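Trainee: Sequence:
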Amino acid sequence: GLLALSHVPGAGLVQILLFVGFLELYVMKDVTGEGEFPGDFRNGALDFGWDTFDEETKLTKRGIELNNGRAAMMGILALMVHEMLPSNDPYMINGILGVPVDFNGAL
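Position in the sequence shown (from 1) plus 1 gives the number in this note's numbering.
These are calculated hints, taken from the structure and not from any lab test.
No false leads were slipped in.
Ranges of calculated distance between the beta carbons of each label pair, as one might list FRET restraints:
no.	residue 1	residue 2	range
1	Val-102	Tyr-27	50 to 56 Å
2	Leu-98	Gly-70	34 to 40 Å
3	Met-75	Ala-12	28 to 34 Å
4	Leu-26	Gly-70	19 to 25 Å
Predicted model only: the values in this text are computed from it and were never measured.
The C-beta atom is built at its ideal place from N, Cα and C for all residues, glycine as well.
All chains, full assembly: derive it from the sequences and hints.
Mentor: Right, here's the structure in full:
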């Protein structure tokens with residue numbers, strides 16, 4: 002979780018940030034100008050049959066991929082929020098109502 006970042010040396014975090022910056026500035030770009038839509042970084046190299054689909058199928062597949070990405074972002078956000086909750090009770094309403102339950106106490 003988020004606590005793992007405290008165990009990564011400072012030089013490691015700098016290395017990660019520099020690598021991501023390098024990818025953003027030099028790799029993940031539409032170099033050839035052939036991109037069909039924002040985020041299309043194939044640059045004429047990767048196809049995997051994308052060009053064989055009709056426009057409606059392409060729009061449908063892009064919508065599905067966007068929704069999967071959104072679901073993944075919500076899932077990781079939920080994990081981060083859950084990690085930062087102040088108690089072991091996954092049902093926060095119990096604590097709010099004054100009857101907290103030590104969820105993992107019986108283990």
